[in-house]
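Chemist: Sequence:
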Amino acid sequence: KTFLKKESILIHIILKYYPPYIAYISPLGMASTVLLILTIFVSSRISGATSRNGLFEASAVEKHGQWMARFHRVYSDESEKRNRFDNFKKNLEFVQRFNMNKNITYKLDVNEFSDLTDEEFRATHTGLVVPEGINKISTLESRLVVPFRYENVSDAGESLDWRQEGAVTPVRYQGTCGGCWAFSAVAAVEGITKIAKGKLVTLSEQQLLDCATDYNQGCGGGIMSKAFEYIIKNQGITTEDNYPYQESQQTCHLTTQSLAFPAATISGYETVPINNEQALLKAVSQQP
Numbered sequence: 001k002t003f004l005k006k007e008s009i010l011i012h013i014i015l016k017y018y019p020p021y022i023a024y025i026s027p028l029g030m031a032s033t034v035l036l037i038l039t040i041f042v043s044s045r046i047s048g049a050t051s052r053n054g055l056f057e058a059s060a061v062e063k064h065g066q067w068m069a070r071f072h073r074v075y076s077d078e079s080e081k082r083n084r085f086d087n088f089k090k091n092l093e094f095v096q097r098f099n100m101n102k103n104i105t106y107k108l109d110v111n112e113f114s115d116l117t118d119e120e121f122r123a124t125h126t127g128l129v130v131p132e133g134i135n136k137i138s139t140l141e142s143r144l145v146v147p148f149r150y151e152n153v154s155d156a157g158e159s160l161d162w163r164q165e166g167a168v169t170p171v172r173y174q175g176t177c178g179g180c181w182a183f184s185a186v187a188a189v190e191g192i193t194k195i196a197k198g199k200l201v202t203l204s205e206q207q208l209l210d211c212a213t214d215y216n217q218g219c220g221g222g223i224m225s226k227a228f229e230y231i232i233k234n235q236g237i238t239t240e241d242n243y244p245y246q247e248s249q250q251t252c253h254l255t256t257q258s259l260a261f262p263a264a265t266i267s268g269y270e271t272v273p274i275n276n277e278q279a280l281l282k283a284v285s286q287q288p
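Numbering (this note's numbering), first residue to last: 1 to 288.
Derived by calculation from the structure, the hints in this document are not laboratory data. Don't take every hint at face value.
Stated by the list, open to error - Listed next, with one range per pair, are the computed distances between beta-carbon atoms:
1) GLY175 to ASP155: 37 to 43 Å
2) VAL168 to THR265: 24 to 30 Å
3) GLN174 to VAL153: 27 to 33 Å
4) THR213 to GLY127: 33 to 39 Å
5) ARG82 to GLN164: 40 to 46 Å
6) LYS199 to GLY268: 39 to 45 Å
7) LEU259 to GLY175: 26 to 32 Å
8) ASP155 to LYS233: 33 to 39 Å
9) ARG163 to ILE274: 35 to 41 Å
10) CYS252 to ASN275: 33 to 39 Å
11) ASP118 to ILE232: 38 to 44 Å
12) ALA58 to THR176: 32 to 38 Å
13) TRP162 to LEU259: 27 to 33 Å
14) PRO244 to ASP118: 48 to 54 Å
Claimed, not checked - In silico EDC-like cross-links for lysine to aspartate or glutamate, where the CA-CA straight-line distance does not exceed 20 Å:
15) LYS197 to GLU151
16) LYS90 to GLU112
17) LYS63 to GLU112
18) LYS89 to GLU112
19) LYS102 to GLU62
20) LYS89 to ASP77
21) LYS107 to GLU80
22) LYS199 to ASP161
23) LYS63 to GLU80
24) LYS197 to GLU165
25) LYS89 to GLU78
26) LYS90 to GLU57
27) LYS89 to GLU119
28) LYS107 to GLU93
29) LYS233 to GLU277
30) LYS199 to GLU158
31) LYS102 to GLU78
32) LYS199 to GLU151
33) LYS81 to GLU119
34) LYS199 to ASP155
35) LYS81 to GLU93
36) LYS199 to ASP210
37) LYS199 to GLU165
38) LYS90 to GLU151
39) LYS197 to ASP214
40) LYS107 to ASP77
Backbone N, C-alpha and C fix where the C-beta goes; we use that ideal spot for every residue, glycine too.
All chains should be built: construct the whole structure from the sequences, respecting the hints.
Modeler: Printed below as a string of structure tokens:
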């Protein structure tokens, strides 16, 4: 009965949208016509899907070529290019599907990592590398009981964008060098220098990688507190222009000029109380 009901609905649709003469053919002829129309419907859907896939493939090929030119990507042979294109196409499709969601307040786009798989990206660009002995130092420092300078901040506000306040430099790329400790230390010093002196200066991570070697191991990992101690002891840190980033640890080569005229100095530092979101909220309301 269910089958007959569905068939009658389909026949009703056919009678409504096709010439009346279909109503007068024999039941066998009607069944053949229904089958023919169903075949046309299915073929049309397959054809449409194939067409869309073909259009996406062509668009992906074009975008991949533009992407290669933009990021100066060169592959060793056609096999590698095809494999990387497949990765790029999957990432591009993910981006486009994500951006179709109207309920999300931000958009995604391809970037210089878009021909990598998720596994490749995680293996080469994520993960904290901590040199031997640093964990013990960090644990001891976190247990020190010291006054928290922002403890008495009463109104941290609901939100604050330090970029709009001009206290944050553009995002920089550290590459495969495990120097996140240097980048984060430099960013903190840049922010507090802007607040104190009214001028935002891009400082040198490379100086810390090369010269702040007390417990730090350059691209092999480090700790921010030792970076701050180096800046205090060195009486400052120079600019990125004076000591540009090289994506590897090299020999410390401070010039007389960079030593005599540091771009920024600090007199001390402290750790925000651990596992305390209110303390962190108060801290970031006062400086980035």
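Chemist: Now look at each hint and say whether the structure bears it out.
Modeler: Against the structure, the hints:
Taken as a hint, the range 37 to 43 Å holds for the pair GLY175 and ASP155, whose Cβ atoms sit roughly 40 Å apart. A hinted range of 24 to 30 Å is violated for the C-beta pair VAL168 and THR265, which are about 19 Å apart. For GLN174 and VAL153, the hinted distance range of 27 to 33 Å is satisfied, since their beta carbons lie about 32 Å from each other. The beta-carbon spacing between THR213 and GLY127, approximately 22 Å, falls outside the hinted interval of 33 to 39 Å.
With their beta carbons about 44 Å apart, ARG82 and GLN164 fall inside the hinted range of 40 to 46 Å. At about 21 Å, the CB distance of LYS199 to GLY268 disagrees with the hint of 39 to 45 Å. In this structure the supplied range 26 to 32 Å holds for LEU259 paired with GLY175, their Cβ-Cβ distance being about 27 Å. The given range of 33 to 39 Å is respected by ASP155 and LYS233, whose C-beta atoms sit roughly 36 Å from each other.
Between ARG163 and ILE274 the Cβ separation comes to about 26 Å, which falls outside the hinted range of 35 to 41 Å. In this structure the supplied range 33 to 39 Å holds for CYS252 paired with ASN275, their Cβ-Cβ distance being about 36 Å. Look at ASP118 against ILE232: about 41 Å separates their beta carbons, and that is inside 38 to 44 Å. ALA58 and THR176 have their C-beta atoms about 34 Å apart, which keeps the hinted 32 to 38 Å range intact.
The given range of 27 to 33 Å is respected by TRP162 and LEU259, whose C-beta atoms sit roughly 30 Å from each other. Judged by the Cβ atoms, the range 48 to 54 Å given for PRO244 and ASP118 is violated: they are separated by roughly 31 Å. A distance of roughly 24 Å separates the Cα atoms of LYS197 and GLU151; the hinted pair therefore is violated under the 20 Å criterion. Between LYS90 and GLU112, the direct Cα distance comes to roughly 15 Å. Compliance with the 20 Å bound is thereby established for this hinted pair.
About 13 Å separates the Cα atoms of LYS63 and GLU112, which keeps this hinted pair within 20 Å; it holds. Annotation: proposed proximity of LYS89 to GLU112 holds, straight-line Cα distance about 14 Å (limit 20 Å). For the suggested pair LYS102 and GLU62, the alpha carbons sit about 26 Å apart, so the restraint of at most 20 Å is broken. About 18 Å separates the Cα atoms of LYS89 and ASP77, which keeps this hinted pair within 20 Å; it holds.
Among the hinted pairs, LYS107 with GLU80 is inconsistent with the structure: their alpha-carbon atoms are about 29 Å apart, more than 20 Å. Our distance criterion of 20 Å between C-alpha atoms is met by LYS199 and ASP161, whose separation comes to about 17 Å. This hinted pair checks out: LYS63 and GLU80 have alpha carbons roughly 17 Å apart, not beyond 20 Å. Note on LYS197 and GLU165: the hinted pairing holds, with a Cα-Cα distance of about 13 Å set against a maximum of 20 Å.
As the CA atoms of LYS89 and GLU78 are separated by approximately 16 Å, the hinted pair is consistent with the 20 Å bound. Annotation: proposed proximity of LYS90 to GLU57 holds, straight-line Cα distance about 11 Å (limit 20 Å). At most 20 Å may separate the alpha-carbon atoms for a hinted pair to count; LYS89 and GLU119 meet this at roughly 16 Å. Our distance criterion of 20 Å between C-alpha atoms is met by LYS107 and GLU93, whose separation comes to about 13 Å.
Proximity of LYS233 to GLU277 is assessed by CA-CA distance (about 31 Å); at most 20 Å being required, the pair is judged violated. At roughly 26 Å between alpha-carbon atoms, LYS199 and GLU158 are farther apart than 20 Å, so this suggested pair is violated. With a CA separation close to 38 Å, the supplied pair LYS102 and GLU78 exceeds the 20 Å bound. For the hint linking LYS199 to GLU151, the alpha-carbon distance of about 27 Å lies beyond 20 Å, and the restraint is violated.
The straight-line distance between the Cα atoms of LYS81 and GLU119 is roughly 18 Å, inside the 20 Å bound, and the hint therefore holds. The suggested pairing of LYS199 with ASP155 is violated, with an alpha-carbon distance near 26 Å, which exceeds 20 Å. Proximity of LYS81 to GLU93 is assessed by CA-CA distance (about 18 Å); at most 20 Å being required, the pair is judged to hold. This hinted pair does not check out: LYS199 and ASP210 have alpha carbons roughly 26 Å apart, beyond 20 Å.
Between LYS199 and GLU165 the alpha-carbon distance is near 11 Å, which keeps this suggested pair within the 20 Å criterion. Taking the CA atoms of LYS90 and GLU151, the gap is about 48 Å. The hint is violated against a cut of 20 Å. For the hint pairing LYS197 with ASP214, the CA-to-CA distance comes to about 29 Å; that exceeds 20 Å, so the pair is violated. With a C-alpha separation of about 33 Å, the suggested pair LYS107 and ASP77 falls outside the 20 Å cut-off, and the hint is violated.
Going through the hint list in order, the structure does not satisfy hints 2, 4, 6, 9, 14, 15, 19, 21, 29, 30, 31, 32, 34, 36, 38, 39, 40.
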